[in-house]
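Engineer: Starting from the structure of chain A, add chains B, C and D where the hints point.
Protein chains in written order, with our numbering: chain A, 1 to 311; chain B, 312 to 542; chain C, 543 to 843; chain D, 844 to 1082.
If you're looking for bench data, these hints aren't it; they were derived computationally from the structure. Check before you lean on any hint, since a few could be wrong.
Said to hold, decoys possible - Straight-line distance between alpha carbons at most 20 Å, and here's what the computed EDC-like set of lysine to aspartate or glutamate pairs gives:
hint, chain 1, residue 1, chain 2, residue 2
1, A, Lys-179, D, Asp-1043
2, A, Lys-303, D, Glu-943
3, B, Lys-538, D, Asp-1043
If you want the building blocks of each chain, they are given just below.
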Amino acid sequence: MNRNLALHLAVIAALYILHLTLPAYHHGQVARIMVLAVFAMGYNILFGYSGLLSLGHAMFFAAGMYGMGLSAQHLGFATLPAFLIGILCATALAFVVGLLALRTIGVGFMIVTLMFAQAGYLTILYFGEYTRGDEGFVLTNTARNFGNLDFSTADTRYLAALCLFSGALLLKLLIVRSKRGRVMVAVRENEERARMLGYNTWSTKLYALTLSGLFSGASGASYAILFGYVGASFAAVPYSIFPLLWVLVGGAGTTLGPVIGTAFMFYLIDYASGVTDAYMLVVGVTLVLITLFVPGGILGLVKSRFARWIP
Amino acid sequence: MLKLSGINAGYGKNQVLFELDLSVDKGEVLCVMGRNGAGKTTAMKTIMGLIQPNSGQVEFEKRKISKLAPHTIPKLGIGYIPQGRRLFSELTVAENIEIGLMTRKKGKATRDKVLDMFPRLGERLKQRADTLSGGEQQQLATARALCLEPSVLLLDEPTEGLQPSMTALIRETVLTLKGEGVGIILVEQREDAVRAVADRVAFIENGRNAATHTIEELTEDPSPFRKHVGI
Amino acid sequence: MLALIEGLVQAAVLSLTALGLSLVFGVMRVVNVAHGEFFMLGAVIAWWVATLVGTNPALGFIAALIAAPIIAGLIAVITDWLVLKRINYDPEATIVATIGLLYILQQSVLMTFGPDARPVEAPFNTRLAIPWIENTDAGWALYWPWGLSTTSYKLFVIVAAIALLSLIWYIMSRTKLGLILRATQLDSETALAFGIPVERVYALVFGIGAALAAVAAVLIVPIQQAHYLMGADPLLLSFIVVIIGGLGSLRGTVIAALIIGMSDGIISVFFTPTLAKIMATLLVAMVLVYRPQGLFGTRRV
Amino acid sequence: MDTMNLLETQKLTRHFGGITAVDDVNFSLKDGEIRALIGPNGAGKTTFVSLVTGRIEASSGRISFAHEDITHLPAHKRIARGMGYTFQITSIFPDLDCFENVHLAAQRNFEGPARKLYSFTRMILEQVGLNTYRTDIAGDLAYGHQRLLEIAMGLAQRPKLLILDEPTQGLAGGEIKDFMHLIREVSDRTTILLIEHNMDVVMSLAEKITVMDQGKIIAEGTPEEIQANEAVQTAYLGG
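Chain A with its partners taken away, still in its complex shape (with noise of 0.2 Å):
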């Protein structure tokens, strides 16, 4: 347990001395990474730990997202409850799509959440006339102000996003080591088996997908504050897709594998994106190689080899 904690606080030490360290250009993508991470980690709360595979995370980002932009932009919100709302509004709607699709198992699953993701992007298309449609708008600087906290400067945008990330992280941590937690790792395993133990399945899964909601909607409203920018793509399919490429990448059911993971694929991303306009590729040939080579991703080949105590 100490050892966890000790290598969690390692982690955020080491980010904190990369904020004093780091160039422009990486002191920002840093700070987009710890964000992304945030719903790396919310979709690993779900895929990795539950077992339960949704095509369709996009529409908890955007949630976040648009409910802390749109009640900014159009109801005058100050920042702090603004994103509030947005985490409101990922935690309500992951809750309601819970409640249907989680009737459904497996592959239906996956077409479900896709198919509600897919309903809500158009949603985002068609109300164009306060969300500007694929275009999107930008957040004026009021809505990025918290007492005097000015989260349009690199310094505050930094500090901001590793308040969350930590933040996250190690409620990421909590919840996987709390009973309920371990329960939802039993329900991946064998959810008959969970079941035949007194467990209700079915809510420890509705619980996992909310949890999974809120902190997806954390990462989007936290995402338009940061870089002040809220858009329909972050709605569309390759953000469903991204989350699930960073966990399996960096390795499902672990707390520090979504972290390496979206790191690592934001910086090939970055870097394939300055070398060809098919930047996705590296995206597909890297799901190819994934599950074919290192089902377990990076963590996960790291803990079977050497250490197996890493959570």
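Structural biologist: What follows is chains B, C and D alone, placed relative to chain A:
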């Protein structure tokens, strides 16, 4: 003519069979008995190549077959009646038979011969297999396997859940085939069914050979039945 | 009437595409997320072949009709052999792998074919007027209004699709190959125990599935244009069709394709296309949640 | 209703298509008893206990447990009321280690600090003889050890009623002896319903035996009575 020696096999990490030996000769009926989960069905699947043994040999007519591609094994002339029959449920009786005939490219003569053995099937050619009664389904499963004109036939618990009249028909079929020189491995739980047809009985416990007796030995001293399967 | 023909063209192409998806799912239990990309590939190959053959559009079209399904099918067979077989057709892993394949195909085409939409000329394209009945002052009269016309090519698409569908139906229900496919679909292990080479059957089915999508694309490409992102819509619509028609049911697939293809035109008269799409996707999600066997399928025990 | 009965079924019936797997079964089990349920393959034993635990729903009839009607409760609620079930076909969490498997079974109704739960889990592992394997991944264990783990998971729930579905299947001779010893030990505080094929185990453990054939109870009595029963012999050995 069919011989398993030193078979270790299972599903993934779960080993079910340990150093298992079985053999059957031309015109001989070997009954395999054992409690649920002893590994009888796994042994049959290993013969058919549906499970790759981790070690050990399956030999058929002096030829090692355990490394062959699974779909080539039935073509050698090994017929299989799986547990639970496993008919192609949405196909008709005629189509199920057609699949059996395809396996070794047998023609109309074989088909007629098989349908002669089971006249009930001839009346129901156009019916879907899952609309047949339990006994008719077992007949179809048998007919489908006989379409291969097999030299070895594997029957996995054919009498399970059947009425006495049907078990008698199966017994007759087994004896007829034995008379034609077919080697038969019969997995069976019912002592009476075994007594009626067996030449030898192999008892399996926990995936291992527990004992093998000839039917003469068992007539003299039936205690192995009780010891390995019965009450 | 005009909407009817447009709808039929949509339905024709859609039923071919969806049939490919349905066949792969039915026999192999694999959800091929890259199916739309095989459609796209068909269209791109059609353009490429037509350009290569040059001046005579009819010749180019026929060449494309042959080449596209063969090339798309071969790519699919190779994928099956290199990837799907190795992950043992595990449902979750195949979905992830085919998502990967989707991007690989799409982005490879982007790199070679480029980001522009390119047209393919139809082999023949005579305008045909359609008769119309109207109640005029002089009572009911039959006339040929100028605006109401279609092209011979569109009629050809419908006829070709019907011919192909009949062929597939014939193969599935009347030939040995069809029997083998159906037996494998019902119980692959027992099929193996009766000498059916299940691995080869899977590769073949995956190839046929891709080839069907490619043929559909060749048929539609003179009406639409070839573009590297054109795979998304047919994929989504095929999903919808297969789900509504019942997963793995051929008859259901064709009926559902007709409904979706026809209603696409009609719904958009009343609603904006976006709203229609939102409603369609939600409807499909609900069908999956409450009637997973589809509207026309029967539950398998 | 007899107040001494922990479990009772009345006219319990289950059809599968045209087949009646469990047919009008009236069954009762006294608090503290060790009962064996035997019968030939396909007699409906596993279906019967599946109805009791709620894995499958009854077509008709009533089930009561600890004086309450549980006929329409979902499985997890029945388990939470004090049933423990071990599967015939080993059902464990294959990618977790032995300790985590048992820990998951123990944690649901455990009150007290984590440290106590930890030592309780260790004690259960010790009891079934798996303590040395506690950090091994469950899926990698030998089959016999997986069976023991399955039993450990049943015990760890500290159920009022422990239903064991063919627990000795796949155990070696010595392990079977240990198993019988273990059952005698826990039977002081737990009622036990045992589906079993191994007659030595049945005869030496059970206080009373119920015999099923073709979905019906055909005999019930002490081990001696059952051994002497004609109908039972016929059902087993065929007629």
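Engineer: Each of the hints needs a verdict: does it hold here or not?
Structural biologist: Evaluation of the provided hints:
1. A:Lys-179 - D:Asp-1043: 40 Å, violated
2. A:Lys-303 - D:Glu-943: 17 Å, holds
3. B:Lys-538 - D:Asp-1043: 9 Å, holds
Comparing the model with each numbered hint stated earlier shows that hint 1 is the single one that does not hold.
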